Amino acid sequence: MTTLEGLAHGLSVALQPSILIYSLFGALLGTFVGVLPGIGAMAAITLLLPITYYISSEAALVMLAGVYYGAQYGGSVASILLRLPGTPQSAVTTLDGYPLAQQGRAGVALFTAMISSFAGSLLGIAILVLMAGWLASIATQFGAADYAAMMVMGLVAASTIGSRQPAKSLAMVVVGLILGTVGTDVNSGAPRFTFGQTQLLDGINLVALAMGLFGVAEVIANIRKADRHGPPNRVGLRELIPARDDLRRICAPILRGTTLGGFFGALPGTGSTISSFLSYALERRVSRRPQKFGHGAVEGIAGPESANNSAAITAFVPTLTLGIPGDPIMALMLGALVIHGIQPGPMMLEARPDMFWGLVVSFGIGNLFLLILNLPLIGIWVSMLRIPFRWLYPAIIVFICLGVYSVRGASFDIVMVAAVGAIGYALALAAFSPALLLLGFVLGPLIETNLRRALLVSRGDPMIFLERPIACGFVIATLALILLPLARRIRQGRG
Amino acid sequence: MQRDYHDLLWGGILALFGLGVAGYAAQSYDFGDLRRMGPGFFPVILGLILAVLGIVIAIPAWWRQAQPEPIAWREGVAVLAALLFFGFSMTRLGIAPATFVAVLIASSVAARRGLVWRLMLAVVVTALTWAIFLGALDMPIPLFPWSR
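Residue numbers (the UniProt record's numbering), protein chains in the order written: chain A, 1 to 495; chain B, 1 to 148.
Hints are supplied without guarantee of correctness; some may be wrong.
[Stated by the list, open to error] If you want the footprint, here are the derived chain B segments under chain A, 3+ residues with CB under 8 Å:
#, segment
1, 10 to 23
2, 47 to 54
3, 73 to 83
[As the list claims (entries may be wrong)] Residues of chain B placed beyond 10 Å of chain A at every Cβ, according to the derived structure:
#, residue
4, Q2
5, W62
6, T91
7, S107
8, A122
9, F133
[Unchecked claim] Simulated crosslink set (SDA-like; lysine to any residue; CA at most 25 Å straight-line):
#, chain 1, residue 1, chain 2, residue 2
10, A, K225, A, G236
11, A, K225, B, R92
12, A, K292, A, K225
13, A, K225, B, D33
14, A, K225, B, V77
15, A, K292, A, D246
16, A, K292, A, L255
17, A, K225, B, S108
18, A, K225, B, Q67
19, A, K225, A, I387
20, A, K225, A, Y98
21, A, K225, B, R112
22, A, K225, B, I132
23, A, K225, B, P97
24, A, K225, B, I141
25, A, K225, B, A96
26, A, K292, A, G341
27, A, K225, B, S28
28, A, K225, B, L137
Treat the hints as calculated values from the structure; they're not laboratory data. On a predicted model such as this, the values are computed, not experimentally measured, just so you know. In this text, a Cβ means the ideal position worked out from N, Cα and C, and glycines have one as well.
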């Protein structure tokens, strides 16, 4: 199928009324949770996971993806108006967005964030279309060793790049990998770490784990913190119109941000949060007025916002073409697909063109929705910021319970959520990343299976990871990711 | 001196957990060899890696100063109590009483005191739960103790 045929086919899928409605619903819900500080895309997607059992796989993925990119739009609203990032991806936007809002130019900041997000998403979709076909054709040559090496690199990259304490991040990944081994071992049929509990034979429930880590733990942490901010200023529609000078300034940052985000989003292990930080650093470096950054430079919003949206789209490249999620949100998406019996991988483009192209086109439509709706609706989103968290969290707790229960009708899973939530909260207090635990949990069984297969093929010779050029490349990259920061630290310690 | 107790404690816990996992897996499951890995291979290796990482986290924390984050005890207890109550009463009492009481438990630690807004919130959330999970999704759970 050529790209044009694919897009035409995708249009016919994405324009089905049911898909359209789920896309719109997801995008709006995403914006809503993005606006509200205290609930992120991760928690929202987890809460929706059980509902996806009841709808078609296309609709499910389109809706969850809508939540993801919708949250990127919404996150910037709270960042700009309250200096409270609704999502980690929009944390950078507070740096220049909040000063602009204080200067009475909140409208311009919001407009810049939205138009940059839209442009970033569109260019991200173009990158996704171009890369996915190419990567899928290469991926058919990937062997088990290559997959295993690539996933290990992805996990190491996710825990070392941009992390202040790589050992803590790596520890979370390993805990996730260990939790992933619970249940019946696929190769030997032996039950592992089940301690006689039949409920554990299928392994730890992904939904229960994610809800504990992101739902319960975040609720506990936010009850005290969330309602401390004052009310936001009102923003009129007229204020959204940017000056010609602003428009001129944001064009180049959008292009640079998109390219940067598109690249890092597609790499396993680096995602939209890192992209937005890198983009900010880049913009400040190339700017002719770096002193303006941090005091209300529109470039400081345009670059990161386009980068995180572009990365959010291209993150689907490895997920859909290799079946390897590059970040925790993609891990949840993959979980949703597996619930529907779809194993993403190089064959998916051929076998399920409706899924792939429908998703691609729905990204475009969803982002268009968001742009068209969010500009006039901005007043409503701003007033959402007035909803106190104390009205929301009791409902979230009930929805968590019912969501987990609906997966397989086991009250045991609710107890599990409570336990995971308590541990997750304690870990978050000590600045451990629960997201990395989840990534390790999802990738663990895939890594183990591929590792076993690779060593079976090579008759137990570990040199297979160095003899195969693709695997060898990943091994070298992994070692570099571990050793370079270590070397830097030792040098700093001496100096 | 205020040591970094968070990292000290968690480093220790993770190291012990890693050792426990490795030890239990080594004892209970076949390790195999590189050519044919047994079910114990992966967990033993992971447990050992985690033990090393735990030590790497804990040791420098001894010499590092840090202000421990205040723990939200009350909030944590209320949220967990609401969850557990809901989990135990959902199938026995039905989701209407379970939701109503769980919301009251959870909202008891909110920054704002008072019973009226909490009762109103409980009514609204119960109605929403009924509409979404029984009305729209048609989940097979009783609404009240007598509706089976």
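Notebook entry, point to check: the segment 47 to 54 of chain B covered by chain A? Criterion: 3 or more residues, Cβ-Cβ distance below 8 Å.
Noted result: Coverage by chain A holds for the segment 47 to 54 of chain B (5 residues, Cβ < 8 Å).
Next item on the list: Mind checking the alpha carbons of A:K292 and A:G341 for me, to see if they're no more than 25 Å apart?
Entry: Measuring from Cα to Cα gives roughly 52 Å; hence the hint is violated.
Note to self: Tell me if the straight-line CA distance from A:K225 to B:D33 falls inside 25 Å.
What the structure shows: It is violated: about 51 Å lies between the C-alpha atoms, which goes past 25 Å.
Margin query: For A:K225 and B:L137, compute the direct alpha-carbon distance and say whether it is at most 25 Å.
Written below: Judged against 25 Å, a Cα distance of about 34 Å means the pair is violated.
Checklist line | Restraint check for A:K225 with B:P97, where alpha carbons must lie at most 25 Å apart | finding: Violated, because 29 Å separates the two Cα atoms, which is more than 25 Å.
Checklist line | Non-interface claim for B:F133 versus chain A (Cβ beyond 10 Å) | finding: 5 Å, violated
Check: Given the hint that A:K225 pairs with B:Q67, does the C-alpha gap stay at or below 25 Å?
Finding: 18 Å, holds
Next item on the list: Would you check the hint for A:K225 and A:G236, treating anything up to 25 Å between C-alpha atoms as holding?
Entry: 28 Å, violated
Margin query: For A:K225 and B:V77, compute the direct alpha-carbon distance and say whether it is at most 25 Å.
Written below: 17 Å, holds
Next item on the list: Measure nothing beyond the straight line between the CA atoms of A:K225 and B:I132; if it is 25 Å or shorter, mark the hint as holding.
Entry: 29 Å, violated
Note to self: Would the hint linking A:K292 and A:D246 be met if the CA-CA limit is 25 Å?
What the structure shows: 13 Å, holds
Checklist line | Verdict on chain A covering the segment 73 to 83 of chain B, where coverage means 3 or more residues with a C-beta closer than 8 Å | finding: Three-residue rule met by the segment 73 to 83 of chain B, so holds; n is 6.
In summary, the structure is inconsistent with hints 6, 7, 8, 9, 10, 11, 12, 13, 22, 23, 24, 25, 26, 27 and 28 from the numbered list given earlier, while agreeing with the others.
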